[in-house]
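Engineer: Chains as they are written, first to last, in my numbering: chain H, 77 to 461; chain V, 77 to 461.
Hints are supplied without guarantee of correctness; some may be wrong.
In this list, chains with the same sequence are indistinguishable; a pair is considered to hold if it fits within one copy or across any two.
[Said to hold, decoys possible] Restricting the straight-line Cα-Cα distance to at most 25 Å, the calculated cross-link-like pairs of lysine-lysine (DSS-like) are:
no.: 1; residue 1: 451; residue 2: 120
no.: 2; residue 1: 391; residue 2: 300
no.: 3; residue 1: 205; residue 2: 97
no.: 4; residue 1: 126; residue 2: 235
no.: 5; residue 1: 205; residue 2: 108
no.: 6; residue 1: 300; residue 2: 414
FYI, nobody ran anything at the bench for these hints, they're computed from the structure.
Treat the numbers as computed from the prediction; the structure is a model and nothing was measured.
Spelled out from the first residue to the last, the chains are:
There are 2 protein chains.
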Amino acid sequence: MQEFIYHNPTKIIFGAGTIDKIGVTVAPVAKKAMYLYGKGSIKKNSIYDKTTASLQAAGVQLVEYDGVKANPVLSHTHKGIEIARKEGVEAIVAVGGGSVIDEGKAIAAGAVADCDVWKFYDGSGAEIKSALPVFSVLTMSATGTEMNGCSVITNEETKQKIGITSSFLQPVASILDPTALFSVPSDQTAYGAVDAVTHLLESYFTKSDSYTPIQDRYAEGIIKTITEITPLMQTKPNDLTARSTFMWAATLAWNGLAPSGVGAWNVPNHLIGHSMSAIYDTPHGASLSIALSGWLPWYAEQSERNVNQLIQFGKAVFGVSDVDGTIERLREWFRLIKSPTKLDDINVDETGLIKIAENIGKNAPLWNMPEYNAKFCESILRRCK
Amino acid sequence: MQEFIYHNPTKIIFGAGTIDKIGVTVAPVAKKAMYLYGKGSIKKNSIYDKTTASLQAAGVQLVEYDGVKANPVLSHTHKGIEIARKEGVEAIVAVGGGSVIDEGKAIAAGAVADCDVWKFYDGSGAEIKSALPVFSVLTMSATGTEMNGCSVITNEETKQKIGITSSFLQPVASILDPTALFSVPSDQTAYGAVDAVTHLLESYFTKSDSYTPIQDRYAEGIIKTITEITPLMQTKPNDLTARSTFMWAATLAWNGLAPSGVGAWNVPNHLIGHSMSAIYDTPHGASLSIALSGWLPWYAEQSERNVNQLIQFGKAVFGVSDVDGTIERLREWFRLIKSPTKLDDINVDETGLIKIAENIGKNAPLWNMPEYNAKFCESILRRCK
Numbered sequence: 077m078q079e080f081i082y083h084n085p086t087k088i089i090f091g092a093g094t095i096d097k098i099g100v101t102v103a104p105v106a107k108k109a110m111y112l113y114g115k116g117s118i119k120k121n122s123i124y125d126k127t128t129a130s131l132q133a134a135g136v137q138l139v140e141y142d143g144v145k146a147n148p149v150l151s152h153t154h155k156g157i158e159i160a161r162k163e164g165v166e167a168i169v170a171v172g173g174g175s176v177i178d179e180g181k182a183i184a185a186g187a188v189a190d191c192d193v194w195k196f197y198d199g200s201g202a203e204i205k206s207a208l209p210v211f212s213v214l215t216m217s218a219t220g221t222e223m224n225g226c227s228v229i230t231n232e233e234t235k236q237k238i239g240i241t242s243s244f245l246q247p248v249a250s251i252l253d254p255t256a257l258f259s260v261p262s263d264q265t266a267y268g269a270v271d272a273v274t275h276l277l278e279s280y281f282t283k284s285d286s287y288t289p290i291q292d293r294y295a296e297g298i299i300k301t302i303t304e305i306t307p308l309m310q311t312k313p314n315d316l317t318a319r320s321t322f323m324w325a326a327t328l329a330w331n332g333l334a335p336s337g338v339g340a341w342n343v344p345n346h347l348i349g350h351s352m353s354a355i356y357d358t359p360h361g362a363s364l365s366i367a368l369s370g371w372l373p374w375y376a377e378q379s380e381r382n383v384n385q386l387i388q389f390g391k392a393v394f395g396v397s398d399v400d401g402t403i404e405r406l407r408e409w410f411r412l413i414k415s416p417t418k419l420d421d422i423n424v425d426e427t428g429l430i431k432i433a434e435n436i437g438k439n440a441p442l443w444n445m446p447e448y449n450a451k452f453c454e455s456i457l458r459r460c461k
Numbered sequence: 077m078q079e080f081i082y083h084n085p086t087k088i089i090f091g092a093g094t095i096d097k098i099g100v101t102v103a104p105v106a107k108k109a110m111y112l113y114g115k116g117s118i119k120k121n122s123i124y125d126k127t128t129a130s131l132q133a134a135g136v137q138l139v140e141y142d143g144v145k146a147n148p149v150l151s152h153t154h155k156g157i158e159i160a161r162k163e164g165v166e167a168i169v170a171v172g173g174g175s176v177i178d179e180g181k182a183i184a185a186g187a188v189a190d191c192d193v194w195k196f197y198d199g200s201g202a203e204i205k206s207a208l209p210v211f212s213v214l215t216m217s218a219t220g221t222e223m224n225g226c227s228v229i230t231n232e233e234t235k236q237k238i239g240i241t242s243s244f245l246q247p248v249a250s251i252l253d254p255t256a257l258f259s260v261p262s263d264q265t266a267y268g269a270v271d272a273v274t275h276l277l278e279s280y281f282t283k284s285d286s287y288t289p290i291q292d293r294y295a296e297g298i299i300k301t302i303t304e305i306t307p308l309m310q311t312k313p314n315d316l317t318a319r320s321t322f323m324w325a326a327t328l329a330w331n332g333l334a335p336s337g338v339g340a341w342n343v344p345n346h347l348i349g350h351s352m353s354a355i356y357d358t359p360h361g362a363s364l365s366i367a368l369s370g371w372l373p374w375y376a377e378q379s380e381r382n383v384n385q386l387i388q389f390g391k392a393v394f395g396v397s398d399v400d401g402t403i404e405r406l407r408e409w410f411r412l413i414k415s416p417t418k419l420d421d422i423n424v425d426e427t428g429l430i431k432i433a434e435n436i437g438k439n440a441p442l443w444n445m446p447e448y449n450a451k452f453c454e455s456i457l458r459r460c461k
């Protein structure tokens, strides 16, 4: 095990019915808050009514700002910052999935920054020094943003989708009410599950320290659970047990615990997937199942250590003990839950493949993975099947 | 899964050499701190020199208070509170194992309380409303107190050893430097390992919700790891990998994650063990291996669900699939690492057994386990072997 700092002060309020607690959670911190949400699905399933009622009953004045899109974009973030400043809000309450919360964090940082918020994302070295307090009510589990300091924003002009991490972006508190997931459709459920699994797999495989049994078993246990319960969430969307289990699993998958102590590690599948999303607006999870389908076979060929890792993973999660079988079982699970495994599944042709590879190559140095140049990424993308 | 609140803001600074960071960690919070430690073993292994040098270099004035004993006692706590008040310290820096940190928390609460500190422990209903900030430098891994709000104090007069939990007792930051464990002797290493395993087993078995695969696998993974590496720590005390892995495992075993979402649960083995320690000053971990050796066979007889839990545990951790085999494998592990499994091992005779059973019966209502009356506990203690 290697040295690390782990500090995760987000308060998690978990359980059916906990949405009603958002008001008393925010009120001690802010009298006026931006109420941020997406395209309005929360108005169809009572989440909007419950959260606004709870906040208003607690005396929190709300400045509504809606229209956050999946893969949230810089232009909408800019407008949110403008409103937050003009209205003098003291906190951001993000009600939605990863996209809404990520944009909420960007607005929180941008509202008090003395530079353009994109400077925090574009690798130019600008550092977040403070942010408005962020609260979240999670309505789609996937990215883990409800319990970490990460935020991913897409710059539509430069076609860059970039993620950053800062302790100032860590939510003060997040409400995890699994009944809020009942209305998540089957495809989004699958993409969320793939996202959570990929979060764990990134450090599981790329870690520099090879003896980390605590972290390995932590990841294996959560992944095994997710693979077991995802089909149930799809066939019985209102199954509270399955939704609860997944909701907590997805949070634990990306809250900093899994990679603590594993040494250096990186996120090649996220790098690859982000470029697909930036160009084709591919759902994040869908891009990751494609990336893993091509990256894993390449990874297995690189060393004996990698082979052993895949065998350990296969045994623990699928009960198989060979590399090809392990990769194929993972692909089978993607297909079972209907998450794509190849570019053809998302209608990307040869020209598109090259475009994605070039985009990855452009971003790779920013992600500290300069070896993922266009040519190399082309070869990875050709393995996706 | 059931509802829960998880909030663990302690900052963990982990790694070989991190002891030197205690000064810069404490300085922003306190200019004058109580420096609390035990019987002086930290003076033999350079931890005292390193911590005081780091704190002084950062400008923190130290008020030394030593002599904390294993199973820390109320009288010594009282004296510490007196000193803390008189000197006007702004924080407690506890350098030691669970006992030193637990007493540090009690002093932190007592120093700013308007009642006697024991009132927080004795079940009379007094609630902690604030406390001085607590920092810890961990020198023995076992209780998990470095990343939770628990504190256990023994009242020598009433022969009661009682634990409490409060968010105000949560350390602000804890330094986990695994090299500090190199000098932990073989017996204390074993007791620490047993303590960590027992922490996980309490909620694993007694939980009210029966479908909690995330929490089950979390516990199984950590316990399996601890059972594998403890003998190595005993034969190679300076093995950094083993000490690092165990140090993090013990913290994760009692930081609130394992029982989050499992519903109601309790700590019968701690209840039983605390009475042994209160009367015979039995090391905490040693009392727990005895308790488990008697409690598990009783537990297995109570229901089919319990049987299935034991089989699941045995399969995951020891690769055996029957109840008797599972319990015997756990006892064998206790014997291997030289932690006792029966009262005879700690020289407690028939009269002593009755005395312990009566003490448990007296404390049981305070622990919300009134069914653990003297007569019932006598029968549990007779099963220890």
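Engineer: Let me make sure I understand: some of the numbered hints might not hold for this structure. Which ones are they, in numerical order?
Structural biologist: 1, 4
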